[in-house]
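As you go down the protein sequences, you meet chains A and B in turn. Sequential numbering of the first sequence, starting at 1, is according to the working numbering. Sequential numbering of the second sequence, starting at 1, is according to the working numbering.
Just so you know, not all the hints are guaranteed correct.
[Claimed, not checked] Computed spacing ranges between beta-carbons, pair by pair:
no.: 1; chain 1: A; residue 1: T55; chain 2: B; residue 2: D65; range: 34 to 40 Å
no.: 2; chain 1: A; residue 1: E20; chain 2: B; residue 2: D104; range: 22 to 28 Å
no.: 3; chain 1: B; residue 1: E63; chain 2: A; residue 2: P40; range: 28 to 34 Å
no.: 4; chain 1: B; residue 1: L74; chain 2: A; residue 2: H82; range: 36 to 42 Å
no.: 5; chain 1: A; residue 1: W83; chain 2: B; residue 2: P40; range: 19 to 25 Å
no.: 6; chain 1: B; residue 1: D104; chain 2: A; residue 2: G16; range: 32 to 38 Å
no.: 7; chain 1: B; residue 1: I12; chain 2: A; residue 2: G62; range: 37 to 43 Å
no.: 8; chain 1: A; residue 1: Q58; chain 2: B; residue 2: S83; range: 46 to 52 Å
no.: 9; chain 1: B; residue 1: K66; chain 2: A; residue 2: Q42; range: 24 to 30 Å
no.: 10; chain 1: A; residue 1: H82; chain 2: B; residue 2: S54; range: 43 to 49 Å
no.: 11; chain 1: A; residue 1: Q58; chain 2: B; residue 2: S5; range: 27 to 33 Å
no.: 12; chain 1: A; residue 1: E20; chain 2: B; residue 2: S54; range: 42 to 48 Å
no.: 13; chain 1: A; residue 1: A29; chain 2: B; residue 2: G53; range: 16 to 22 Å
no.: 14; chain 1: A; residue 1: A29; chain 2: B; residue 2: S73; range: 32 to 38 Å
[Stated by the list, open to error] Selected chain A positions facing chain B (Cβ under 8 Å, derived; list incomplete):
no.: 15; residue: A17
no.: 16; residue: L46
no.: 17; residue: K49
no.: 18; residue: F102
no.: 19; residue: G103
[As the list claims (entries may be wrong)] No more than 25 Å apart at the CA atoms, straight line, and that leaves these computed lysine-lysine pairs for BS3-like:
no.: 20; chain 1: B; residue 1: K41; chain 2: A; residue 2: K61
no.: 21; chain 1: A; residue 1: K49; chain 2: B; residue 2: K41
no.: 22; chain 1: B; residue 1: K64; chain 2: A; residue 2: K99
no.: 23; chain 1: B; residue 1: K20; chain 2: B; residue 2: K64
no.: 24; chain 1: B; residue 1: K14; chain 2: A; residue 2: K99
no.: 25; chain 1: B; residue 1: K20; chain 2: B; residue 2: K66
no.: 26; chain 1: B; residue 1: K41; chain 2: A; residue 2: K99
no.: 27; chain 1: A; residue 1: K61; chain 2: A; residue 2: K49
no.: 28; chain 1: B; residue 1: K41; chain 2: B; residue 2: K20
no.: 29; chain 1: A; residue 1: K99; chain 2: A; residue 2: K68
no.: 30; chain 1: B; residue 1: K66; chain 2: B; residue 2: K14
no.: 31; chain 1: A; residue 1: K68; chain 2: A; residue 2: K49
no.: 32; chain 1: B; residue 1: K14; chain 2: B; residue 2: K55
no.: 33; chain 1: B; residue 1: K55; chain 2: A; residue 2: K99
For the record, the hints were derived by calculation from the structure and aren't laboratory data. Note that the structure is a prediction, hence the values are computed from the model and not measured. Built from N, CA and C at the ideal position, the CB exists for glycine as well.
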Amino acid sequence: AQSVTQPDIHITVSEGASLELRCNYSYGATPYLFWYVQSPGQGLQLLLKYFSGDTLVQGIKGFEAEFKRSQSSFNLRKPSVHWSDAAEYFCAVGASASKIIFGSGTRLSIRP
Amino acid sequence: GAVVSQHPSRVICKSGTSVKIECRSLDFQATTMFWYRQFPKQSLMLMATSNEGSKATYEQGVEKDKFLINHASLTLSTLTVTSAHPEDSSFYICSRLAGGGSTDTQYFGPGTRLTVL
Numbered sequence: 001a002q003s004v005t006q007p008d009i010h011i012t013v014s015e016g017a018s019l020e021l022r023c024n025y026s027y028g029a030t031p032y033l034f035w036y037v038q039s040p041g042q043g044l045q046l047l048l049k050y051f052s053g054d055t056l057v058q059g060i061k062g063f064e065a066e067f068k069r070s071q072s073s074f075n076l077r078k079p080s081v082h083w084s085d086a087a088e089y090f091c092a093v094g095a096s097a098s099k100i101i102f103g104s105g106t107r108l109s110i111r112p
Numbered sequence: 001g002a003v004v005s006q007h008p009s010r011v012i013c014k015s016g017t018s019v020k021i022e023c024r025s026l027d028f029q030a031t032t033m034f035w036y037r038q039f040p041k042q043s044l045m046l047m048a049t050s051n052e053g054s055k056a057t058y059e060q061g062v063e064k065d066k067f068l069i070n071h072a073s074l075t076l077s078t079l080t081v082t083s084a085h086p087e088d089s090s091f092y093i094c095s096r097l098a099g100g101g102s103t104d105t106q107y108f109g110p111g112t113r114l115t116v117l
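With the sequences and hints as input, model every part of the structure.
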């Protein structure tokens with residue numbers, strides 16, 4: 001069965017520091033992989049996605065993620081976080097964009 | 001800008017009443033839209049797939065008579081929570097697939113916070 005695990009419920013990093021949010025999945029084949037960000041009062045916004053090809057994916061707002069098949073991971077990274085990056089981040093996987101399941105989310109707080 | 005809107009953004013109702021939530025695709029026609037439910041500090045759970053001109057497809061464990069979905073036009077899907085109870089209080093989010101022939105991404109609405117007293 002498909003599953004997505006985001007092991008970190010809450011992470012706090014200092015502004016300007018680097019960030020890595022972890023995502024592990026269980027899936028029989030290479031899935032569609034997504035990272036979304038949810039801010040209060042706003043809908044989920046797609047940061048980046050991976051279907052095939054280059055395993056290092058560049059997204060919006062300076063985020064990137066790397067698909068590692070051997071580790072069943074799709075971790076999200078940013079070299080230098082900004083206070084505006086504080087939000088909830090969701091990893092999602094699926095056989096297509098129509099049928100995706102979400103991880104439990106990681107709340108990111110930024111320390112001034 | 002936003003491509004999916006929801007109305008209302010929040011609603012408070014008494015137990016036993018019905019509440020209708022609208023989801024609109026603002027830029028593309030959407031034959032398929034999705035409804036999710038999100039409990040506090042939890043993930044999104046797909047409730048149903050809304051299909052224009054036909055019946056919605058519900059996920060296992062979702063009561064179709066409780067959560068009525070109507071997709072009467074290519075830009076509007078509605079979710080009606082019938083005879084709402086406090087346990088129905090949640091954040092309801094709709095989405096659609098990207099338009100223009102692309103089906104590889106979902107775009108989400110801002111959500112509707114339902115509180116049942």
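Q: Could you tell me which of the numbered hints above are not met by this structure, giving the numbers in increasing order?
A: 1, 13, 15, 24, 32
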